[in-house]
Every structure is written in C-alpha cells, then in structure tokens.
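Q: Spelled out from the first residue to the last, the chains are:
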Amino acid sequence: MNLEFTPEELAFRDEVRSFIAENYPKDLSSGGMRDDMSPEELTAWHKILGKKGWSTPAWPEQYGGTGWTPTQRYIWSEENARVNAIMPLPFGVSMVGPVIYTFGSEEQKQQHLPGIRSGDVWWCQGYSEPGAGSDLASLTTTAVRDGDHYVINGQKTWTTLAQHADWGFFLCRTDPDAAKPQEGISFILIDMNTPGIEVKPIKLIDGGYEVNETWLTDVRVPVENLVGEENKGWTYAKFLLAHERSGIAGVARSKRGVEQLRDIAKSEQLDGKPLMSDFDFARKVSQLEIDLSALEITELRTLAGEQAGKGPGPESSILKIKGTEIQQRLTELTLEAVGHYGTPYYAGMSDMGSNEYPIGPDYAQHSAATYFNMRKTSIYGGSNEIQRNIITKMILGL
Amino acid sequence: MDFNFTDEQTMVRDSLTRMVRENYDTDTRRAAIGSDSGWRPEVWAQLAELGLLGMPFSEEDGGFGGGAVDSMIVMEEFGKGLVVEPFVPTVVCAGGFLKHAGTAAQKEEHIGGIVDGSRIFAFAYAEPRGRFDYADLETTAKKDGGGYVLNGHKAVVIGAPWATHLVVTARTSGGQRDSDGISVFVVDKSSAGVVTRDYPTVDGRRASEVYFENVAVPAEALIGEEGKALPLIEVVTDEAIAAQCAEVCGAMKVAHAMTVDYSRQRKQFGVPIGSFQVLQHRMVDMYTEYEQSVSMTYLATLKLGESEVERKLAVSAAKVRIGQAAHHIGQEAIQIHGGMGMTDELAIGHYFKRLTVFDAEFGNVDHHMKRHVALASG
Ligand SMILES: Cc1cc2nc3c(=O)[nH]c(=O)nc-3n(C[C@H](O)[C@H](O)[C@H](O)COP(=O)(O)OP(=O)(O)OC[C@H]3O[C@@H](n4cnc5c(N)ncnc54)[C@H](O)[C@@H]3O)c2cc1C
Ligand SMILES: Cc1cc2nc3c(=O)[nH]c(=O)nc-3n(C[C@H](O)[C@H](O)[C@H](O)COP(=O)(O)OP(=O)(O)OC[C@H]3O[C@@H](n4cnc5c(N)ncnc54)[C@H](O)[C@@H]3O)c2cc1C
Numbered sequence: 001m002n003l004e005f006t007p008e009e010l011a012f013r014d015e016v017r018s019f020i021a022e023n024y025p026k027d028l029s030s031g032g033m034r035d036d037m038s039p040e041e042l043t044a045w046h047k048i049l050g051k052k053g054w055s056t057p058a059w060p061e062q063y064g065g066t067g068w069t070p071t072q073r074y075i076w077s078e079e080n081a082r083v084n085a086i087m088p089l090p091f092g093v094s095m096v097g098p099v100i101y102t103f104g105s106e107e108q109k110q111q112h113l114p115g116i117r118s119g120d121v122w123w124c125q126g127y128s129e130p131g132a133g134s135d136l137a138s139l140t141t142t143a144v145r146d147g148d149h150y151v152i153n154g155q156k157t158w159t160t161l162a163q164h165a166d167w168g169f170f171l172c173r174t175d176p177d178a179a180k181p182q183e184g185i186s187f188i189l190i191d192m193n194t195p196g197i198e199v200k201p202i203k204l205i206d207g208g209y210e211v212n213e214t215w216l217t218d219v220r221v222p223v224e225n226l227v228g229e230e231n232k233g234w235t236y237a238k239f240l241l242a243h244e245r246s247g248i249a250g251v252a253r254s255k256r257g258v259e260q261l262r263d264i265a266k267s268e269q270l271d272g273k274p275l276m277s278d279f280d281f282a283r284k285v286s287q288l289e290i291d292l293s294a295l296e297i298t299e300l301r302t303l304a305g306e307q308a309g310k311g312p313g314p315e316s317s318i319l320k321i322k323g324t325e326i327q328q329r330l331t332e333l334t335l336e337a338v339g340h341y342g343t344p345y346y347a348g349m350s351d352m353g354s355n356e357y358p359i360g361p362d363y364a365q366h367s368a369a370t371y372f373n374m375r376k377t378s379i380y381g382g383s384n385e386i387q388r389n390i391i392t393k394m395i396l397g398l
Numbered sequence: 001m002d003f004n005f006t007d008e009q010t011m012v013r014d015s016l017t018r019m020v021r022e023n024y025d026t027d028t029r030r031a032a033i034g035s036d037s038g039w040r041p042e043v044w045a046q047l048a049e050l051g052l053l054g055m056p057f058s059e060e061d062g063g064f065g066g067g068a069v070d071s072m073i074v075m076e077e078f079g080k081g082l083v084v085e086p087f088v089p090t091v092v093c094a095g096g097f098l099k100h101a102g103t104a105a106q107k108e109e110h111i112g113g114i115v116d117g118s119r120i121f122a123f124a125y126a127e128p129r130g131r132f133d134y135a136d137l138e139t140t141a142k143k144d145g146g147g148y149v150l151n152g153h154k155a156v157v158i159g160a161p162w163a164t165h166l167v168v169t170a171r172t173s174g175g176q177r178d179s180d181g182i183s184v185f186v187v188d189k190s191s192a193g194v195v196t197r198d199y200p201t202v203d204g205r206r207a208s209e210v211y212f213e214n215v216a217v218p219a220e221a222l223i224g225e226e227g228k229a230l231p232l233i234e235v236v237t238d239e240a241i242a243a244q245c246a247e248v249c250g251a252m253k254v255a256h257a258m259t260v261d262y263s264r265q266r267k268q269f270g271v272p273i274g275s276f277q278v279l280q281h282r283m284v285d286m287y288t289e290y291e292q293s294v295s296m297t298y299l300a301t302l303k304l305g306e307s308e309v310e311r312k313l314a315v316s317a318a319k320v321r322i323g324q325a326a327h328h329i330g331q332e333a334i335q336i337h338g339g340m341g342m343t344d345e346l347a348i349g350h351y352f353k354r355l356t357v358f359d360a361e362f363g364n365v366d367h368h369m370k371r372h373v374a375l376a377s378g
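Line by line, the protein sequences are chains A and B.
So the first sequence is residues 1 to 398, counted in our numbering.
So the second sequence is residues 1 to 378, counted in our numbering.
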C-alpha cells in the first residue's frame, strides 16, 4: 500500500496541468458555475475536452474512454478543481452514456455517444414526477406502443437544465399491469424537440432557475429509442443511479472549496486579526478537512475496487452521504466566514438597478445563494435518507 | 415564578396574530417584498394604530409603559409571519437609545414620531471590517465648532431604505477597537453628505450601505455621553437580540408546524412520509430545539434588567442556543420537504432564509460563545 504518486503519475499530472493552463478558456477562469451562465459557457470546456478525447475519461476505451487508471482520473479531477473548471454536465457523460454503451443497441451507440463526447448534445434526466420522488418506482408517465412508435403522456419534474436540453432519458411505464411497481418500466431516449413536450422553469430558493417541470402530451417517439428491453428500465435506472452517486461525492471540488474558505478567512478580520487565526473558526475548517480526507481515501478505495472489476455498489451511498454533507458544511462555513456581507441578495440587485459595483468583497457575493442551493445535494440523486435505507438493506442486511 | 402573560398581553397577542394572518399570507408577503419599496407603509401605520410602536416607552415619554416581555410577544408574532417592517431598528434600537440615554429634548423630538409611525429609524453599527465588534470602528465623528462631522461607511444597515433617521455609532476618540471613545448620534437621513446604496436582503428585507461624507450634525445629535457609549450600545443590542430571539422562535414554530403538516400529507411508498420513524424522530428533535429556544428567549428577556454580567451571560447563551437551533430547524425543514423545500413557491424556503440570516445579526454563535466563555470564566 502506498499513497505517493509514482514518477509516471507525476509526469501525467504535469501534462494535465499544462494542458489545462493552455486550453481552459480565459474568460471562464473566474470559474465556478453560476446560474446565469449561458449553455455555451457551460459547455465550452466540455467541447475542448471532446476534441482532445478527454471528456469521458471513465468510459471504456472502445467507446472513447482514456484508459486512465483510477489514480489518473483522480489527478484529472484534482487538476480541474484547482482552476474551478466547469466540468462536463453529468447527464450525458456519467449517466446516460454508460447506460447506452452497456445496454444500448449498436445504432444507439453510434447515434448518441459521439454527441456526448463532443459536448454538442445536451442531455437531461426525466425520472422524477410530482408523485414519484423517493418512491421513483411509482412513476405514472405512460408509454403506449402504437405501431413503430411509443405515445408518451405524463408529467416529469425537477428536470435539471431541461430548458437547454436536446435529448432526455426518461423512465416511462410500459406495462401498467406488472406485478411489482419496479417492473413494467422502460428507459426511453427522447428528442426534446419532439412536439408535445413543454418545459417550464421552477424558481428555487436561491433565486435561480435550474430545474423544470416537463409535460409530455401525446409525444410520439420511435421504438428504436427504447434502451435495452421493454419493461426492464428499472435495472438500467439503478445502474445509472449508482454511477450518478459516485460523481456526487465531489472531493476535488470540496478540497478547492476548503482552500477558498481559508483564503476568505485570511482576509476577514476578527479583533484586528485574520479570522483564520481564530481557534474556534480554524477548528471547524480543520474538522471539515479531516472529514474530507476520510472521504477522499474512501473514494480512492472505491475507485480501486472498480478498477479491479467491482461495479459501483452500495458503497457509493457512503460517498453520496458524506460528500454532500461536506459540501453543505463547506458552504455553511463560507457563509459564516463572510459575516454581514452574506446578507445582501445579489441576484435581486440587478432588478433594482444598483449593480454598478459589488457590495462587500467579491467572495461574499454568492455565499448565501450557494449555501441555500447546496441544500439540494442531500435531496437529489436519491435523498440521504434513501441512501441510508440502501445501506441498511444492502450492507447491514436489516 | 410566573410564566403567564397578563390579560392585556394576551389581548395584544391575539390582535397581532389576527393582523399578521391578514397581512402576511405567503402571496401577499411575496408581492410586498418584491415591490419597488419592498414593504408596506400602511402596515406600519396599522402597527402605530394598534399602539405597538409606542409600547416600550414610558407613559410620560408618550408611550404605553410596556417592557421587554411585551416586545417579546410582538416579535414572536412577527416571526410567525416573517414580518419585514423595521420594528427592531426603530422601536427596539433607536427607541432603546432614547429611552436609556436620551435627553428630555431628544425624547420630545423623536419619540412622538416613532409612536405615531412618522419617524422610522435604522441602526448603523456594522462596518465592512469590524465583523461583530461594536468597538471596531472606522467611522469617525470629529468635533467641529458646536457640533460634529461624521465620516465613514456602514455595512448592511437593515431597514435603512425605509428610514427617515439613522442611529450611528462612531469613534470620537481613541484607537480602533478601543472600548473608550465611542459615541452614538441621531442623524436625519436627508442630511447633506449621507449617501446610501439600497438593496434587498436574502431574507426579504431591505438594507443599505450607508456612507457618511463630511456629514455635519449639531451637538444635540449626540445621545448619551461622548466617548462612553459602548456599554449603552451593549444594553441596546442585547435588547435587540432578545427581541430577535423571540422573532426566530415564532419563525421556528411555523417552520416546524409546516414540516409536520407536510409530512402528514406527502405520500411516498404508499404511506405518508411522516410515518417513517427516522423522520418522526427528526421532527421530535426539531420540536425539542424549538422548546429549548423558547426557554432561552424567556431567560434572555427576563434578565435584561439584571446586572451587566447576568444580562450578557443570558443573552449570549440565548443567541448561541437559538443560533444553533435556527440552523438545525431550517435545514431539517428543507430536507424533509424534499425537492419542494427547494422551491421559491413554498413558504418553507422563506422561513429557512430568515432562520439563516439571524445568526449573523448582532454577533453569531461563535461570537457569543466567546463572550459567554469570557464572562463565565472571568
Ligand atoms: C435541485 C434538484 C435537481 C434535481 N434534478 C433532477 C433531474 O435532473 N432529474 C430527475 O429526474 N430528478 C431530479 N431531481 C429530483 C430528485 O431526485 C428528488 O427530489 C428526490 O428523489 C426526492 O424526491 P422528492 O423531492 O419527491 O421528496 P420526497 O420523496 O417527497 O421526500 C421528502 C422527504 O422524505 C424523505 N423520505 C422519503 N421516503 C423515505 C423513506 N422511505 N425513509 C425515510 N425517509 C424518506 C426524503 O428523504 C425527504 O427528506 C432533482 C431535485 C432537486 C432538488
Ligand atoms: C442502569 C439501569 C437501571 C435500570 N433500572 C431499572 C429498574 O429499576 N426497574 C426496571 O423495571 N427496569 C430498569 N431498567 C430496565 C430499563 O427500563 C430497560 O433497560 C429499558 O426499558 C430498555 O429495555 P431493554 O434493555 O430490554 O432494551 P430494548 O427494549 O431491547 O431496546 C434496545 C434498543 O432498541 C430501541 N428500541 C426498542 N423499541 C423501539 C422502538 N419501538 N422504536 C425505536 N427504538 C426502539 C431502544 O431504544 C434501545 O436503543 C434499568 C436499566 C438500566 C440500564
């Protein structure tokens, strides 16, 4: 056992670092996602990576993966986090992509994988419904066979960034009479420009619009867009969720966040000294860092297991729970660090015509909104309660 | 020992409950805070009419002779409706300075206007660098002839866009962070050299950055003794903290009730989510936090008139405990509401935001923990 990087890994890190330095778009370098970003800004880096062949590092090489070891992938995410890079959105790269290359038809692979790699096609995830959240299997959106089409009717909700999406992957009920709710569900790819789809943004507590309600009314989808077998969608959905969860841990990004927090706490003053030199505050930052290193090594162990042929299993629930808790505490501490300047509502200022220059230090401006927004992480992707239920059943056997 | 309210207090509370219910349903509040001015002067007028703006002043000053318990009752009801009107800056803070240290002439000039609703105050104490230390002041007030000249920048002054007047802390002598040399002034907001930048706050109120650029004020603008204001500021802000603790108790009570209610209605897996024991226990913990917070609010409120040390210990203890409870209850309420909790549409998110902002007002958990430690071990 050894935690040090090998000389080859160090060389790889240098290569990655200089590639990022030379190619990451300068105008995006202030980094970090903001909710007012255009789709072009959000995909700019993805498109550059697509050309380089680095947009889907975790995929098998035959589908455009890099063949990197888990350590290399870890270095890759660290280096991106260092510059706060806006990474490819997960919906194509880490969700539907793996489903398509694992369970999809040859035609589907040819049609969809290139667009995911290049970043030209924007995907969204149509799972949740108003009545089917944690209990996803109770979903009621129906897909009824009509000749060589499915006719789809129902309402999805929380569809992240669907307002920009070209394609969506949807769970629909194809057999309403199945014995168990998990049976009779199919995994269907839908062109978001198909007539009958209406997408309506939902305003969230941070003032942004990242999720949508999505209505499907007599949407006709060719049967070729069914992934795998009819009525077996639950299997693919679960496969996908395990992939979704491991990405959610966000270790590299949180490490970067801790550094930023330290910088903020160095420039904030308490009793004429930097806040960072205050023991009470410093202790909380260290606690966060300690928890983060425990998560990091746990994730590396999981990655190593995957490399050895174990798919992401119920352990990914540990990563989801701990990763999101850390992200939430990090944003909470950041808000705490900025003191009074967490209180102004910056998004509301443009409405009031007073956005000539920022109020308070730059780093304070999104601190409250980010804290509010990050409450989502313990809710989505299977809430943390549901993750604990999974561990209860799958690991503890209760 | 007596934890009961008088008949009069109960009456005030009941009429306030009604008033808040009528004026502060979610949609009406949303429209009000989203309007150009961000508040409703007519609600302020109604509060004046109910006699609430004059409540804590003695009868000889033109008030109704109430005390801290009355403010507590009012604030708890305000918290239930997330009322944005500037009761704390105007009545508790400015009113407090006048009550404790105002001259007869100052009381005469200002209290009548507070009571009838025509004079609205904001309390400009925080600065960009000073964090929660009232003594860490860069704003200066220099003697000039018979009066003073103010210069400085005050940060996130709550209610300032609505105010006619400001109460301002400034350094009249001494070095930065000295506890001596601090003074308090009343300034007409329309005075030459007062510049404000107004903006909304994340919890639906309005605030300003206030800049003083050679603002000349007369000698009568000074409240209390020159250079000796720190203990006075501490008295008044401790009263403000007690009032806001009550407000936050009101907000926590509603946030908890909404969560319990939601968990009864929202069904997943064929049952109400409230039937899951893991959620039940968490709502029990929220409830426990709320009850403890009410107790701490009583403690802080009832100790306001005691010795300085007793008062500060109680107020800091309350601010710590309730700051923690507010975070806990706010976060759990969102979590148990699931995706719906993240939406602007549901009221619960607005409660969450108010519960969040409370922590940084008049010193956060760490700040008051330190004050408690220093007093308890000193
Ligand atoms: C910002 C955001 C983005 C999202 N993006 C997408 C997306 O792109 N595509 C998509 O399909 N979905 C998306 N979702 C939906 C997300 O997956 C659901 O919100 C999540 O599954 C929870 O469902 P719910 O909101 O209906 O909450 P509910 O299921 O109603 O849960 C409410 C509360 O009850 C708890 N609970 C429920 N069941 C149990 C149980 N058995 N035991 C213990 N506790 C339980 C939950 O943990 C939660 O705390 C998104 C959600 C958010 C907030
Ligand atoms: C030091 C000591 C002194 C005691 N003195 C006395 C005495 O003087 N007289 C007397 O009669 N008894 C006495 N008791 C017994 C005591 O009341 C029992 O230990 C107690 O009721 C718990 O029962 P149990 O130990 O069988 O645990 P169990 O009932 O087996 O419980 C085990 C765990 O399961 C949990 N649990 C059980 N049911 C539920 C549920 N429905 N939901 C959630 N969690 C649940 C419990 O909270 C506990 O964590 C004493 C016990 C101790 C340790």
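It is possible that some hints are incorrect.
Quick list of in silico lysine-lysine cross-link-like pairs, DSS-like style, CA-CA up to 25 Å [to be verified]:
#: 1; chain 1: A; residue 1: K310; chain 2: A; residue 2: K232
#: 2; chain 1: A; residue 1: K284; chain 2: B; residue 2: K99
#: 3; chain 1: B; residue 1: K267; chain 2: B; residue 2: K99
#: 4; chain 1: A; residue 1: K310; chain 2: A; residue 2: K109
#: 5; chain 1: B; residue 1: K267; chain 2: A; residue 2: K238
#: 6; chain 1: A; residue 1: K273; chain 2: B; residue 2: K370
#: 7; chain 1: A; residue 1: K393; chain 2: B; residue 2: K267
#: 8; chain 1: A; residue 1: K203; chain 2: B; residue 2: K267
#: 9; chain 1: A; residue 1: K266; chain 2: B; residue 2: K370
#: 10; chain 1: A; residue 1: K180; chain 2: B; residue 2: K370
#: 11; chain 1: A; residue 1: K266; chain 2: A; residue 2: K238
If you only want the chain A side, here are some residues facing chain B, beta carbon under 10 Å, derived [stated by the list, open to error]:
#: 12; residue: F239
#: 13; residue: M276
#: 14; residue: S277
#: 15; residue: D278
#: 16; residue: Y371
#: 17; residue: S378
#: 18; residue: S383
Worth flagging that the hints you see were computed from the coordinates, not collected in a lab.
We put the CB at the ideal spot given by N, CA and C, even for glycine.
Q: Does K238/A sit within 25 Å of K267/B, going by the straight-line distance between their CA atoms?
A: Since the Cα atoms of K267/B and K238/A sit roughly 22 Å apart, the hinted pair holds (cutoff 25 Å).
Q: Would you check the hint for K310/A and K232/A, treating anything up to 25 Å between C-alpha atoms as holding?
A: Given that 25 Å is the threshold and the Cα spacing comes to 22 Å, the pair holds.
Q: Between K203/A and K267/B, does the CA-CA distance stay at or below 25 Å?
A: Holds, because 23 Å separates the two Cα atoms, which is no more than 25 Å.
Q: Hint check: K273/A vs K370/B, CA-CA at most 25 Å. Holds or violated?
A: The given pair, whose Cα atoms are some 15 Å apart, holds under the 25 Å limit.
Q: Assess, step by step, whether the Cα of K266/A is no farther than 25 Å from the Cα of K238/A, and give holds or violated.
A: Not OK: K266/A and K238/A at ~44 Å, beyond 25 Å, violated.
Q: Are K267/B and K99/B close enough, with their CA atoms no more than 25 Å apart?
A: Given pair K267/B, K99/B is violated - Cα atoms ~54 Å apart, limit 25 Å.
Q: For the pair we were handed, K284/A and K99/B, check the Cα-Cα distance against 25 Å.
A: Roughly 41 Å between the alpha carbons, so the hint for K284/A and K99/B is violated.
Q: Against the 25 Å threshold, does the CA-CA distance of K393/A and K267/B hold or violate the hint?
A: holds (21 Å)
Q: Quick check on the hint: S383/A CB to chain B CB, less than 10 Å?
A: holds (7 Å)
Q: Take the C-alpha atoms of K180/A and K370/B, compute the straight-line distance between them, and say whether it is at most 25 Å.
A: Answer violated: K180/A to K370/B is near 57 Å, above 25 Å.
Q: Does the interface hint hold: is Y371/A within less than 10 Å of chain B, judged Cβ to Cβ?
A: holds (7 Å)
Q: S378/A was flagged as interface toward chain B. Is the shortest Cβ-Cβ separation under 10 Å?
A: At 6 Å from the nearest chain B Cβ, S378/A passes the 10 Å test, so the hint holds.
In summary, the structure is inconsistent with hints 2, 3, 10, 11, 12, 13, 14 from the numbered list given earlier, while agreeing with the others.
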